[in-house]
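**Student:** Single-letter residue listing:
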Amino acid sequence: MMTSECMPVTLEFGGGAELLFNNLKEHELQLPNSRIWTVRELLIWMKDNLIAERPDLFFHGDSVRPGILVLVNETDWELMGELEYEIQRKDKIMFISTLHGG
Amino acid sequence: MPALCKTNCGNKAKLKRPKTGDALCKECFFSAFETEIHFTITKGKLFQRGNTVAIAASGGKDSTVLAYVLKLLNEKHDYGLKLVLLSIDEGITGYRDDSLDTVKQNRDDYKMALKVLSYEELYGWTMDSIVKEIGKKNNCTFCGVFRRQALDRGAAQLGVDVLATGHNADDIAETVIMNVLRGDIARLQRCTDVATASEGAIPRVKPLKYAYEKEIVMYAYFKQLVYFSTECIYSPNAYRGYARAFLKDLEKIRPTAIIDIIHSGEVLRVKENVGTRERGVCERCGFVSSQKVCKACVLLEGLNKGLPKLGIGKSSKVNKMREMKMNPVVDF
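Going line by line, the protein sequences match chains U and E. First residue of the first sequence: 1, per this note's numbering; consecutive thereafter. First residue of the second sequence: 1001, per this note's numbering; consecutive thereafter.
Read the hints as simulated data drawn from the structure, not as lab findings. Where is the CB? At the ideal position from N, CA and C, for every residue including glycine. Check the hints yourself; a few may be wrong.
Beta-carbon label-pair distances, calculated as ranges [to be verified]: (1) His27/U <-> Glu1283/E: 51 to 59 angstroms; (2) His27/U <-> Lys1305/E: 47 to 55 angstroms; (3) Thr10/U <-> Val1267/E: 40 to 48 angstroms; (4) Val1267/E <-> Asp48/U: 42 to 50 angstroms; (5) Cys6/U <-> Asp1109/E: 36 to 44 angstroms; (6) His27/U <-> Gln1224/E: 14 to 22 angstroms; (7) Lys1305/E <-> Trp45/U: 54 to 62 angstroms.
With these hints in hand, go ahead and build the complete structure from the sequences.
**Tutor:** As structure tokens, then:
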């Protein structure tokens, strides 16, 4: 796929969420540009293509499990429309687990 | 696009506070978060000028934020406290040894003294060796009981006036739910206290009592505080896990649920003659206990006598077992 047909997006994982994604804190993605990507669709894609283990610890219904914080470009997704947010080129989407012990 | 900060400071809002629903920018969030903890400290009279305070430090998000904020508030409001870090090494390879590195980082970053006390030196057993003996069932009981006492012992060795723990609002709400589900009236009464003092023990305080987990994690993230976030390699406390999942689901529907449950715990009152027990000291080790012999000593006795199930379960059962001269045919 040519770069112009792709949308670069960075996913970051923290607070223990990275353990479910091959222990990698950062994933560079090229999403096909043929459609509009909302966070809802990104999560479906992640469920099918990215998560390495125990998806039930990360996903819940069509969203993330309660207790996993999501930030879009350093901003709480609750201020960005949550699942309905339309992902833009070079967005950085961060998932932080609060579920790991202290 | 995100809204502007609710305080009219002109900055873009960065997060929605679960407790109030306010959209705040980073700086206004820091200020609100720190001010609330300051308020918890002053209203609850958690410290007195000149106190030496041990911070129970695990290297996790809560104690890392607690150490950072206490240092900041101590300087900003001139509490006049001496802060030290106290860590317990349970002896869990690949878990606690790594998280202790984070605590050592805190020690250097915040310029606080650090004391590490291990289960091995206190009890002669590491969690690794306990799990070898008893398996992965009930091992959290040993760990929890030993840690509680280990913190008391460490605080005593350091000669501190107060022990501050990183329990946050979510933790306390979970504990309220668990104590209701277990019918543990005595603990239900105590678990929401912001400060607990009992004879023979160093007072414990919870400055983060009203701080939501979401805000603690966001604070650590925005401040770029480094913390350790790996799950314990031995099975996590399943019962608490359920209470936690339930609470998180409730929070999703109604974010004030956490504070509401804490409030319920605070105002619940039971009749005076119901289920509470005087707390005294253990006749063997002298640390705080509601029984003649404390749970830590009973568990340790079980381990050392090859009866590791001694002490798992209700105290009344334990007493019966011990009266029966510990008949080794025990099946729980």
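**Student:** Look at each hint and say if it fits the structure.
**Tutor:** Hint check results:
1. His27/U <-> Glu1283/E: 51 to 59 angstroms: Given about 58 angstroms between the Cβ atoms, the range holds.
2. His27/U <-> Lys1305/E: 47 to 55 angstroms: The hint (47 to 55 angstroms, Cβ to Cβ) holds, given that His27/U and Lys1305/E are roughly 52 angstroms apart.
3. Thr10/U <-> Val1267/E: 40 to 48 angstroms: 47 angstroms, holds
4. Val1267/E <-> Asp48/U: 42 to 50 angstroms: 48 angstroms, holds
5. Cys6/U <-> Asp1109/E: 36 to 44 angstroms: Because 41 angstroms falls inside the window, the suggested range holds.
6. His27/U <-> Gln1224/E: 14 to 22 angstroms: 20 angstroms, holds
7. Lys1305/E <-> Trp45/U: 54 to 62 angstroms: 56 angstroms, holds
Violated hints for the displayed structure: none, as all numbered hints are satisfied.
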